[in-house]
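Enquirer: The primary structure of each chain is shown beneath.
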Amino acid sequence: MKAKETPLLPVEDAREAALFFVVCALCFLAALAALSAKSTYGAARSWTAEVEGELTVSLPDVDRRAAEAARELIAKTDGVREARLLTKEEIDDLLEPSFGSRGLPESLPLPQLVAVTADPLAQFVGPNIERRLTEAGYVSAVDEHAEWAGDVRRVLGIARLVALTAVALLASTAVAVIAFATHAALLTRRDIVDVLHLAGARDKFIASLFERRFWLLGLRAGSVGALMSLGAAAAMIFAARSSGARSGLLPELSMDFYDLLILVLTPLIAGLAARLAARITVIRSLKSVM
Amino acid sequence: MTLSRLDLFDDVAVRLDGVSLRYGTSEDILSGIDLVLKPGSFSFLTGASGAGKTTLLKLLYLALKPSMGEVSLFGRPTSRLTRDQLSALRRRVGVVFQEFRLLDHLTSYENVALPLRVLGRKEASYRSDVQELLAWVGLGERMHAHPSTLSGGEQQRVAIARAVVTQPDILIADEPTGNVDPEMGSRLMRLFLELNKRRGTTVIIATHDLGLVRQVQAPVYRLQHGLLVQDAEYSDGTSVAGRRRTDPAKAD
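As given, the protein sequences belong to chains A and B, one line each in that order. Under the UniProt record's numbering, think of the first position of the first sequence as 1, with each following residue one higher. Under the UniProt record's numbering, think of the first position of the second sequence as 1, with each following residue one higher.
If we strip away everything but chain A, and leave its shape as in the complex, we get (with noise of 0.2 Å):
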């Protein structure tokens, strides 16, 4: 006699292949729309808390002495914590995506520029620094750098928003793709169905088949697609970190642990949405028959 029993349900490896392909495709793109979510998630959070509480000052029309005297004004308003006059070379580097590599003309009247540091939490800081320079006699504008990192606080919520989104939708797709599949098998595998239930099978016991087999794919093509996104992921950190960060514009691409998380994640949610959805679809099949 054999040692183990052959399944009440048989393999259909045709049939399971095609749908561990499509459901691996799914669970690739799923995991990462998840990880580009927590990425814009990360940049926005890691953006906003380098921006927040900068300003600069600019004093058009003075020379260094001056811009000194204005910068201890500045340091004494309230909620600031540090102010620092920049170099000729710091706003050089500035300027340099506009006026290229070869140096400014001497004769560009530039302004000086003051980076100040305040407190997050402290309020007006900037209509305080402008008042305080104005009563001293100096014309100035201040950049209060919070204003534009609202604009892409807002901009990166709206793309985790859309991520989140391919994320609920592929997810959704993925649970649809599997009862769509659970219910091509079962009318596939009618037989079986009415030899068992006819035997005095509860619809339990028959759905725990198509579950069991279902769960099995779920988590099967959830990891091959997690892998994969993985894969994706690494190569896209490898390729933003060869390619130099140079505008220091964007965040540095890395993995944490949440984005481990998520891929650890991606196949037991595939493989409960297989089983759930297999089970759904069965029950409900039963039902229609006595």
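Among the hints, erroneous ones may be present.
Straight line, CA to CA, 20 Å or less: simulated SDA-like cross-link-like pairs of lysine to any residue [to be verified]:
#1 A:K287 x B:D84
#2 A:K204 x B:D84
#3 A:K4 x B:L116
#4 A:K38 x A:A159
#5 B:K122 x A:P7
#6 A:K204 x B:L81
#7 B:K122 x A:T6
#8 A:K204 x A:S288
#9 A:K287 x B:S79
#10 B:K58 x B:R76
#11 A:K38 x A:A240
#12 B:K65 x B:D84
#13 B:K38 x B:R92
#14 B:K58 x B:F100
#15 B:K65 x B:D34
#16 A:K287 x B:A88
#17 A:K204 x B:R92
#18 A:K76 x A:R131
I should point out that these hints are in silico values taken from the structure, not numbers from a laboratory.
Using the hints provided, position chain B relative to the given structure of chain A.
Expert: Structure of chain B alone, referenced to chain A:
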């Protein structure tokens, strides 16, 4: 073999009260059928092809719901039962399907053992019983063969072995000897009679093989134009062909 625990308390194995069946708006396939089969009875169901024998059996083994009327098994009206309770009743009914309904990915042995797996029995607990049963129906050497490699007669014997392996309280067989030679047919009939006499299994066999019917002194029900009539010709040994609607009081 022991008597079923519930048969001791149920005075009726099968009861049909005014059962009719129709599909959609078509005419009744079965019309106003009353039938009572007592526990331990042995009956035949005959009728021309298309008379509705298989349909009536489907109602008995709970594959179909009647359009009207009530089907009761062991004194329990099935229309009032939950799905799990219906499953529990089905486990007490063995069925030999006309088209066998063997699962081709399973061996003969595994097909016969299938109802036992449904009951949650471990393979070690039933192995020898299944092997013995297969040997008894002459398939001891074909235990590991898949149904597609078996002849029609062999498949039929596997189907019969599967129907009786759980020693059901009711055995319903649809043309159980249609594909076997007369000798095997007689042998299978002896199996049915043995189950009926020694264990008290209620047996109902649908057949148009009158030779088979003549082998056993048992009530014969005939389906004709959707109506069930009891045919006296073979049931009581007389030559008077009496046709009457079955009276529950006289049905056994």
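Enquirer: With reference to the structure, classify each hint as holding or not holding.
Expert: Structure-based check of all given hints:
Proximity of K287 of chain A to D84 of chain B is assessed by CA-CA distance (about 12 Å); at most 20 Å being required, the pair is judged to hold. Between K204 of chain A and D84 of chain B the CA atoms are separated by roughly 9 Å; this keeps the pair inside 20 Å, and the hint holds. A hinted pair counts as satisfied when its Cα atoms are at most 20 Å apart, and K4 of chain A with L116 of chain B qualifies at roughly 16 Å. Of the supplied pair hints, the one linking K38 of chain A and A159 of chain A holds, its CA atoms being roughly 10 Å apart against a limit of 20 Å.
Annotation: proposed proximity of K122 of chain B to P7 of chain A holds, straight-line Cα distance about 14 Å (limit 20 Å). The straight-line distance between the Cα atoms of K204 of chain A and L81 of chain B is roughly 17 Å, inside the 20 Å bound, and the hint therefore holds. Among the hinted pairs, K122 of chain B with T6 of chain A is consistent with the structure: their alpha-carbon atoms are about 13 Å apart, no more than 20 Å. Distance restraint check for K204 of chain A and S288 of chain A: the Cα-Cα separation of roughly 15 Å lies within the 20 Å cut-off, and the hinted pair is therefore satisfied.
For the proposed pair K287 of chain A and S79 of chain B, the alpha carbon gap of about 14 Å is at most 20 Å, so the pair holds. Our distance criterion of 20 Å between C-alpha atoms is met by K58 of chain B and R76 of chain B, whose separation comes to about 17 Å. Proposed proximity of K38 of chain A and A240 of chain A is supported: the alpha carbons are some 17 Å apart, at most 20 Å. For the hint pairing K65 of chain B with D84 of chain B, the CA-to-CA distance comes to about 16 Å; that is within 20 Å, so the pair holds.
With a C-alpha separation of about 15 Å, the suggested pair K38 of chain B and R92 of chain B falls inside the 20 Å cut-off, and the hint holds. For the suggested pair K58 of chain B and F100 of chain B, the alpha carbons sit about 14 Å apart, so the restraint of at most 20 Å is met. Between the alpha carbons of K65 of chain B and D34 of chain B the distance comes to roughly 15 Å, so the proposed pair stays at or under 20 Å and holds. Between the alpha carbons of K287 of chain A and A88 of chain B the distance comes to roughly 16 Å, so the proposed pair stays at or under 20 Å and holds.
Annotation: proposed proximity of K204 of chain A to R92 of chain B holds, straight-line Cα distance about 19 Å (limit 20 Å). Straight-line distance between C-alpha atoms of K76 of chain A and R131 of chain A comes to about 13 Å, which keeps the hinted pair within the 20 Å bound.
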